[in-house]
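Novice: Protein chains in written order, with my numbering: chain A, 1 to 391; chain B, 1 to 391; chain C, 1 to 391; chain D, 1 to 391.
Keep in mind that the hints were calculated from the coordinates and are not lab data. One thing to keep in mind: the hints can contain errors.
Identical copies carry no separate label here, and so any pair may be met within one copy or between two of them.
Unchecked claim - Listed below are the simulated DSS-like cross-link pairs for lysine-lysine, each with C-alpha atoms no more than 30 angstroms apart in a straight line:
| hint | residue 1 | residue 2 |
| --- | --- | --- |
| 1 | Lys51 | Lys382 |
| 2 | Lys295 | Lys381 |
| 3 | Lys381 | Lys152 |
| 4 | Lys199 | Lys335 |
| 5 | Lys316 | Lys279 |
| 6 | Lys152 | Lys316 |
| 7 | Lys316 | Lys384 |
| 8 | Lys279 | Lys382 |
Protein chains: 4
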Amino acid sequence: MRCQNIDFDDVDGTEARVRAFIREVIVPYESDARLGTHGPADDLVDEMRGKARDAGLLTPQVSESNAHMPWRDAARILRAAGYSPLGPTALNVAAPDEGNVNMLSKVATSEQQARFLEPLIDGRIRSAFLMTEPAEEGGAGSDPSMLQTTAKRDGDDWVINGRKSFVTGAAGASVGIIMARTENAATMFLTDLPDAAVKIERILDTIDSSMPGGHAVITIDRLRVPSANVLGAVDEGFRYAQVRLAPARLTHCMRWLGAGDRAQDIAVDYACRREAFGKRLIDHEGVGFALADNKIDLKQCELLIDWCAGVLDAGKPGTTESSMTKATVAETLFKVADRSVQAMGGTGVSADTVVAWIFRELRAFRIYDGPTEVHKWSLAKKIKREYLSSA
Amino acid sequence: MRCQNIDFDDVDGTEARVRAFIREVIVPYESDARLGTHGPADDLVDEMRGKARDAGLLTPQVSESNAHMPWRDAARILRAAGYSPLGPTALNVAAPDEGNVNMLSKVATSEQQARFLEPLIDGRIRSAFLMTEPAEEGGAGSDPSMLQTTAKRDGDDWVINGRKSFVTGAAGASVGIIMARTENAATMFLTDLPDAAVKIERILDTIDSSMPGGHAVITIDRLRVPSANVLGAVDEGFRYAQVRLAPARLTHCMRWLGAGDRAQDIAVDYACRREAFGKRLIDHEGVGFALADNKIDLKQCELLIDWCAGVLDAGKPGTTESSMTKATVAETLFKVADRSVQAMGGTGVSADTVVAWIFRELRAFRIYDGPTEVHKWSLAKKIKREYLSSA
Amino acid sequence: MRCQNIDFDDVDGTEARVRAFIREVIVPYESDARLGTHGPADDLVDEMRGKARDAGLLTPQVSESNAHMPWRDAARILRAAGYSPLGPTALNVAAPDEGNVNMLSKVATSEQQARFLEPLIDGRIRSAFLMTEPAEEGGAGSDPSMLQTTAKRDGDDWVINGRKSFVTGAAGASVGIIMARTENAATMFLTDLPDAAVKIERILDTIDSSMPGGHAVITIDRLRVPSANVLGAVDEGFRYAQVRLAPARLTHCMRWLGAGDRAQDIAVDYACRREAFGKRLIDHEGVGFALADNKIDLKQCELLIDWCAGVLDAGKPGTTESSMTKATVAETLFKVADRSVQAMGGTGVSADTVVAWIFRELRAFRIYDGPTEVHKWSLAKKIKREYLSSA
Amino acid sequence: MRCQNIDFDDVDGTEARVRAFIREVIVPYESDARLGTHGPADDLVDEMRGKARDAGLLTPQVSESNAHMPWRDAARILRAAGYSPLGPTALNVAAPDEGNVNMLSKVATSEQQARFLEPLIDGRIRSAFLMTEPAEEGGAGSDPSMLQTTAKRDGDDWVINGRKSFVTGAAGASVGIIMARTENAATMFLTDLPDAAVKIERILDTIDSSMPGGHAVITIDRLRVPSANVLGAVDEGFRYAQVRLAPARLTHCMRWLGAGDRAQDIAVDYACRREAFGKRLIDHEGVGFALADNKIDLKQCELLIDWCAGVLDAGKPGTTESSMTKATVAETLFKVADRSVQAMGGTGVSADTVVAWIFRELRAFRIYDGPTEVHKWSLAKKIKREYLSSA
């Protein structure tokens with residue numbers, strides 16, 4: 001039996017339910033003592049997910065038959081979820097699980113799906129995606145060609161060795177998807193977690209703090225997985241990473257757009273109530289223009305996301321479109337959060353509202369899923385390619 | 001018989017025809033000797049319009065029955081026209097005529113339409129919209145409440161006195177629409193031009209130079225118009241100005257987006273061919289990122305315009321939406337033009353390409369139809385009103 | 001006997017000693033377990049100050065005869081101290097003590113100096129400056145005219161009531177300077193702390209975390225102080241606040257400039273060692289230009305600080321100059337920190353280096369000592385005044 | 001006898017005289033009919049210079065004994081001259097003559113000085129510096145290593161062939177300094193102009209228009225110059241270019257800073273007089289903050305220029321410092337001009353004030369003497385070199 005109760009044809013209704021659920025049920029958790037620098041503790045995650053399950057809103061993007069909601073509809077639902085930094089986790093639409101669910105739905109065998117995917121959709125376990133490698137060793141940060149983790153056949157098994165970094169949610173995860181170099185290219189492997197061969201060296205103390213389990217540095221030391229755990233085909237890992245990539249970075253945008261909405265709402269509320277120098281803050285153009293900029297910027301993010309979602313809904317890969325969208329939405333929403341902080345003065349940099357938290361999350365977002373500069377680099381290459389091929 | 005031959009159901013086809021026409025027929029005129037600081041001379045305008053008429057592309061937004069193309073379709077056609085700074089004039093989709101045609105279609109009596117609108121649609125005459133007043137006298141710049149021009153009844157006539165500024169296209173116009181203060185509010189009046197009572201003091205030497213007739217400063221000295229020349233109802237002038245305003249500023253965006261496309265195309269071409277410091281310019285991230293930013297920015301302008309056009313197509317006034325769109329598109333396209341200039345080095349600031357011209361036009365666009373600051377001011381007011389009404 | 005051993009004539013030497021001390025002695029404390037969200041614990045402060053005392057570097061800006069180093073020299077010393085977020089506290093040149101020391105040197109009676117100032121200079125106690133009031137009650141945030149805390153005479157004493165917010169260092173402070181409304185204006189009062197009538201309601205969880213004691217919200221409930229504790233003259237509080245203000249915000253700039261240096265050094269080190277997409281990060285213009293911008297921006301901050309320090313050294317109040325400098329340096333250094341974070345990718349948003357910490361501090365700096373917008377508002381007023389008086 | 005009457009010890013006095021001269025004598029020429037798109041006509045130049053000569057202010061930076069004023073003093077004088085776009089030409093402190101005078105003073109033989117330098121200092125002739133080459137042929141734009149013009153020995157003469165572009169002031173110049181590739185490196189040659197072998201193909205129609213003679217494209221076809229016309233030593237051309245470069249780009253900054261002052265003064269005047277939406281423009285923060293930003297930015301430019309001038313005065317080459325200064329001042333002053341335009345609305349983009357002209361000049365300044373990106377590229381290289389040499 002499936003965890004949710006969603007009518008894919010009634011997006012308005014689902015969105016309204018999510019908005020109400022976030023506001024009434026999840027927002028109060030934002031000052032919960034079980035929130036730490038490495039994200040919400042797992043009992044808090046379970047508690048919130050239990051409430052989402054009861055509300056029929058858990059994993060709302062996946063139907064009982066494992067069909068995925070159209071991306072343009074998902075944009076609205078995930079945005080509504082993102083209105084609290086805890087919302088995506090509560091509804092099980094957060095990274096990395098949301099992206100892993102999507103990829104496993106498309107690539108995993110039915111046996112793999114039964115074992116790894118179903119409990120993920122049920123929101124009972126968490127997963128990790130082990131791709132990024134430590135910078136200091138020259139490993140694959142934003143540049144996948146530098147992949148150093150290796151997988152070698154040993155009889156009917158594979159033996160994996162390497163180090164990974166910024167592995168979101170690894171602490172507490174029950175499933176890992178590992179990208180490793182194989183003979184001709186790269187391959188993805190599924191593994192149960194925890195495993196003695198997959199050692200969490202430490203959890204990074206990052207500026208963001210919304211993701212359960214935080215971001216881990218991991219050593220993989222002779223991890224042995226059976227051939228049945230190869231995800232899809234051998235040497236096709238880079239291709240699957242692309243399959244995962246475009247929607248995964250787009251759903252990041254959707255969620256963070258909700259956070260941007262929240263920052264703006266709080267800042268508007270503050271600026272409309274508080275006075276200084278003889279009038280309401282919002283009547284000072286220095287503040288009012290900033291909030292006007294925010295309103296415009298939120299609209300622009302919405303439009304970009306909607307455009308890119310339409311590309312994915314049309315069955316296209318959306319690699320360039322999602323890259324343009326991610327880079328722009330991350331930079332734009334950061335400005336939205338920054339202006340919201342500034343409009344609120346001292347209150348803006350305190351934890352008295354969730355705005356400072358959103359600001360920290362959005363700072364990291366400009367780097368996660370590829371720093372803005374990598375996306376621009378890639379887009380410049382594409383412009384050149386298009387020019388040369390048309391010339 | 002109507003000047004154009006457009007199938008409203010075949011937007012793809014019309015767009016392709018316009019693109020080809022601009023590229024093949026209009027672009028060569030960009031170095032025509034009849035171009036001056038006050039725009040193309042009238043014989044050049046007539047020559048280009050003659051070719052557009054022959055191509056069945058003149059006034060393409062208006063059907064034989066005076067129906068207007070949906071705004072979302074018009075966005076594509078006007079963008080294609082704007083690919084040359086001369087394109088909108090050539091196709092008779094330029095300001096102020098395009099906006100005047102639209103307003104007259106909605107507000108004018110059938111007698112007024114026959115006399116003033118039809119020849120405008122035919123592209124045989126030009127018109128002017130006399131609203132803005134000189135700043136130095138405290139007149140109505142961006143603030144319509146400061147309107148100082150007056151119209152007083154005298155028997156069955158009205159007598160109008162005042163001064164106007166930034167009257168685009170007044171020199172050479174055959175029709176004038178004058179906004180004047182009447183007893184309770186403001187009223188619009190139609191008048192034939194030239195008229196001895198409507199004296200062009202001078203043409204401003206503005207940084208832009210694409211609009212025929214330039215921008216005039218005008219004295220209206222006891223202009224007498226009959227009651228039949230009242231446009232719509234007395235004291236409803238501000239309302240009609242609003243009717244004109246939203247689509248007029250949106251079509252500005254559409255046309256200038258085409259100019260942004262052009263600047264980017266030229267800059268990309270330059271950056272992909274020219275080398276410095278050992279590689280193609282585009283392979284320098286300092287240039288490549290700028291062109292990537294342009295590509296993203298052009299997409300964002302397109303999406304905003306499309307969104308606002310959809311609002312108008314839905315029959316809504318679109319006041320806020322067109323204000324958000326105009327302010328953002330003007331600022332964004334200016335950045336696009338500025339980056340294009342910069343990417344081309346010395347060539348960028350010379351007249352060897354049309355990029356410097358587009359840069360000058362877009363500089364003015366940030367002020368025409370309301371400086372960006374006025375739009376943000378207005379948007380901040382709206383944010384406050386919405387907050388207070390929801391609180 | 002005085003805590004330091006500084007030759008005011010040998011600024012080069014002092015600067016070199018401070019640089020070495022920060023690098024060798026203080027930087028290792030940056031990962032000390034006694035660092036919390038409310039700043040370093042007091043035993044850590046004492047330990048660091050003990051080492052500074054041993055090195056003859058404690059309170060280096062004040063001579064044995066309580067003379068203050070010229071501000072242009074102090075700029076170099078405080079910048080060197082700021083190279084670590086802990087440096088200013090370790091050397092006793094941090095806010096609010098540094099500003100309080102400066103003001104007390106100028107305004108306090110010799111009895112007050114013996115009791116309150118000397119132990120501050122010795123670095124054995126800490127102080128707090130109770131001026132800002134809670135926004136939610138309409139109190140004085142950036143607008144001093146909104147001051148709501150009151151002091152009333154009661155016999156030979158004064159009784160003070162009110163609430164204060166963002167009181168840096170209040171937890172653990174031994175001296176408080178309280179700004180309160182008196183009959184005609186405002187007055188400053190000295191008080192020993194802790195005191196039952198000065199209740200710390202809570203410490204704010206702010207995005208910055210370098211200042212001992214954090215930032216407190218405080219209720220003052222019938223605090224009784226003798227007349228001998230009036231600082232300077234009754235009703236002169238606003239004037240003394242101005243005396244304190246200009247140098248206090250300038251020394252903030254000096255310290256944070258050192259933090260900007262540090263962020264840049266770490267980012268340069270990272271970018272020169274790490275590779276991606278086939279070359280060192282710094283050889284990617286997307287990174288290299290950012291670091292070039294940083295280098296220019298750091299120079300500009302240095303020049304502004306030096307200019308403003310020269311104004312103070314000339315005995316002028318420097319109100320406008322310090323306002324221009326503070327607003328600009330805060331905004332500029334934030335960009336420096338932001339670019340440093342971005343250049344380092346995932347590492348930049350982690351606590352693996354001190355860059356993310358500096359980023360958080362500098363975010364707050366754009367608000368502390370007056371949000372940037374307040375400074376610009378004030379500068380616009382001044383431009384207008386100057387114009388009107390010259391016209 | 002020398003053209004000027006300047007006491008190098010009385011910079012205040014000279015600055016005051018220049019300010020008065022510009023305001024009273026030169027500003028009225030700003031609407032002279034002899035101003036064209038290729039700069040002021042030569043008779044206008046002569047007329048203005050005649051007045052400067054009469055005022056004892058011509059070529060004020062050079063003493064009777066050909067000593068050069070300290071650069072920090074020159075900064076004030078050239079800034080005062082730049083208050084009008086015509087001022088530098090009127091006072092004979094404009095590019096390229098000012099830089100050529102400086103270089104010839106240092107490098108030319110006494111015979112060369114008598115023949116080429118003296119009349120330049122006297123302001124009776126103009127000169128050109130033929131270095132930049134056309135982009136379309138892969139010549140030396142910003143990258144001197146691409147130099148294609150050649151000089152070959154032929155008996156006791158040299159024969160020069162090549163094409164040059166953006167040769168400022170070539171039309172009307174009496175002296176040319178030509179950079180050409182010689183056997184081992186590059187060499188500079190002096191030549192009288194006009195010369196049939198130095199053909200001006202055309203004058204570029206650039207966005208700027210303050211420099212007499214505009215910017216020419218030139219073909220050099222078998223120009224023969226005697227060995228006596230080699231400037232300095234053979235194969236030392238690149239070194240002399242460096243000698244010329246740092247002060248030349250710094251004096252550009254000085255002059256344009258004066259133009260920035262002017263734009264701000266005009267915008268402040270406008271914003272303090274004109275009203276909209278119920279108050280003076282400057283009382284709208286959207287305008288007031290922009291003018292405050294301008295005030296800060298002008299101060300920052302002044303400080304950077306002063307810093308770099310001090311480096312030159314100390315006898316250092318100042319290559320990096322002048323590069324940092326030029327890139328920053330150009331970008332910053334462009335923003336100043338852009339904000340000034342915007343603050344003035346429609347008037348800002350018209351020729352009714354000189355602000356639009358200054359805006360156009362400053363747009364070009366971001367490219368002339370090296371586009372900003374080239375300076376950042378060079379600075380990033382330097383950061384890397386410094387890191388590697390210190391590591």
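Novice: Can you give me the call for Lys199 and Lys335, within, between, both or neither, at a CA distance of at most 30 angstroms?
Specialist: neither (37 angstroms within a copy, 37 angstroms between copies)
Novice: Checking an output row: Lys51 and Lys382, CA cutoff 30 angstroms. Within, between, both or neither?
Specialist: Result: close neither inside a copy nor across copies, 45 angstroms intra and 37 angstroms inter.
Novice: Using 30 angstroms as the alpha-carbon threshold, which applies to Lys316 and Lys384: within, between, both, or neither?
Specialist: Classified as within: same-chain Cα gap 21 angstroms, cross-chain 41 angstroms, threshold 30 angstroms.
Novice: Cα distance capped at 30 angstroms. Does Lys316 pair with Lys279 within a copy, between copies, both, or neither?
Specialist: neither (52 angstroms within a copy, 32 angstroms between copies)
Novice: Give the relationship of Lys279 and Lys382 under a CA distance limit of 30 angstroms: within one copy only, between copies only, both, or neither.
Specialist: Intra 50 angstroms, inter 17 angstroms, cutoff 30 angstroms: inter-copy only.
Novice: Should Lys152 paired with Lys316 be assigned to within, between, both, or neither, using CA atoms and 30 angstroms as the limit?
Specialist: neither (33 angstroms within a copy, 61 angstroms between copies)
Novice: Between the shortest in-copy and the shortest cross-copy C-alpha distance, which are at most 30 angstroms for Lys381 and Lys152: within, between, both, or neither?
Specialist: neither (34 angstroms within a copy, 42 angstroms between copies)
Novice: Using 30 angstroms as the alpha carbon limit, work out where Lys295 and Lys381 are close: within a copy, between copies, both or neither.
Specialist: between (32 angstroms within a copy, 12 angstroms between copies)
Violated hints, listed in ascending order, are 1, 3, 4, 5 and 6; each of the other numbered hints is respected by the structure.
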